[in-house]
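Q: So the chains spell out like this:
Protein chains: 2
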Amino acid sequence: MKFGQKISQAKVKRLPIYYRALQKLEVARKKFVSSMDLAEMLELKPEKIRADLLEFDKIGIKGLGYNVKELKNKIASAMGLQNNWHVAIIGAGNLGAALANYDGISNFDLALVAIFDIDKEKIGTEINGVRVYDFEKFSSISRRKLIDIAILAVPDDAAQNVADVLAEGNVRGIWNFTSVNLNVPYYVTVVNENLSVGLGTLSFYMNQTI
Amino acid sequence: MKFGQKISQAKVKRLPIYYRALQKLEVARKKFVSSMDLAEMLELKPEKIRADLLEFDKIGIKGLGYNVKELKNKIASAMGLQNNWHVAIIGAGNLGAALANYDGISNFDLALVAIFDIDKEKIGTEINGVRVYDFEKFSSISRRKLIDIAILAVPDDAAQNVADVLAEGNVRGIWNFTSVNLNVPYYVTVVNENLSVGLGTLSFYMNQTI
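Those protein sequences? They're chains D and R, same order as listed.
The first sequence begins at 556 in our numbering and counts up one residue at a time.
The second sequence begins at 556 in our numbering and counts up one residue at a time.
Mixed in with the good hints there might be a few duds.
Any copy, or any two copies together, can satisfy a pair, since identical chains are not distinguished.
[Stated by the list, open to error] In silico PhoX-like links for lysine-lysine, alpha-carbon gap of 25 Å or less:
id	residue 1	residue 2
1	Lys603	Lys568
2	Lys603	Lys566
3	Lys629	Lys692
Note that these hints are calculated values from the structure, not bench results.
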């Protein structure tokens, strides 16, 4: 899916990082933060940070920096976190269970409302307080629980079939942990979580230091 | 850790993606691939791909494109995959177990040689054919199995202590799934796997389409 060119993909990926940093500063009761301090926290250049944040806050208050809470709220709004998306995890295997315990979902004000599997042993159990439902009933449960986002943690060979059911069940976003390039209708946004990038990058940098 | 400026971070992150695509093409017995075909597979611009791959292969054979196997091997070499790093997973919880079953490790010619935990119930068991060892014995097992890379899948509050043990045990790379900014000696490379980027990006793009 293509979107407006107003904001670069690289910058979109930095917004969650700024958001999490500001969230931590808020918990630590910091009221203001400079671009220099953010640069040190995040290992980014201060000029890059100032350019990224220009649309949210021109420069902050001179000598004090950015207002932590205000900036956090503006970034949250740009990220659409005020939608409080309802999230479901598809696949209650090890990865699904790990993601059910992942605090990033609640950190973004999202609600994990259901987990789905086809394994009769798992259906009816709970993971981190969230019930595992029969994926056969996805459509009716999705309607009832208003599921917006599905986290796809199923085997690759099931991925496309599951995605078809998700799209028919009014899911609008898929966070895809499989390595399949999903075909989805225009109204479904897919973000692929490609773990091979992290591992490959690590090998690359280790190789530079030999 | 800072590295030479010869290759941008963004490009380093694309190398594993090219590598996996070429691997799939090789399995499908394709001998040649054009930058246009790669562009379509990977949803990147053909000009970007040609610029990225210039250092490996000037332009490929006219009318045929890149030689799949040759290009794959050159990228593998740039990524340091010929080192056949030995990998250990630290933490045999849901995430560790999911990663033990992750085929990206073997796809990169890396070998998962051990899993570590402190839970007596888990020590001595196997996950995907790999034994779970007592983390207390990390140093001696690391020496014996020549562990290069540790995948850190432990709770945040244990992360720094574990990283200290890893560094002392001659680990040279950490793939960090915790949200802790690790302090490590100069000879240890850390790549942080920040899942919040994927989820935050998804929310951003969904919000654009409302």
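Q: All the hints need checking, so say for each whether the structure fits it.
A: Hints, one by one, checked against the model:
For the identical chains of this complex, Lys603 and Lys568 are neighbours both inside a copy (13 Å) and across copies (19 Å), given an alpha-carbon limit of 25 Å. Taking identical chains as interchangeable, the C-alpha atoms of Lys603 and Lys566 lie at most 25 Å apart whether they share a chain (10 Å) or sit on different chains (18 Å). Taking the shortest Cα distances, Lys629 and Lys692 never come within 25 Å of each other, neither inside one copy (38 Å) nor across copies (48 Å).
Going through the hint list in order, the structure does not satisfy hint 3, though it satisfies all others.
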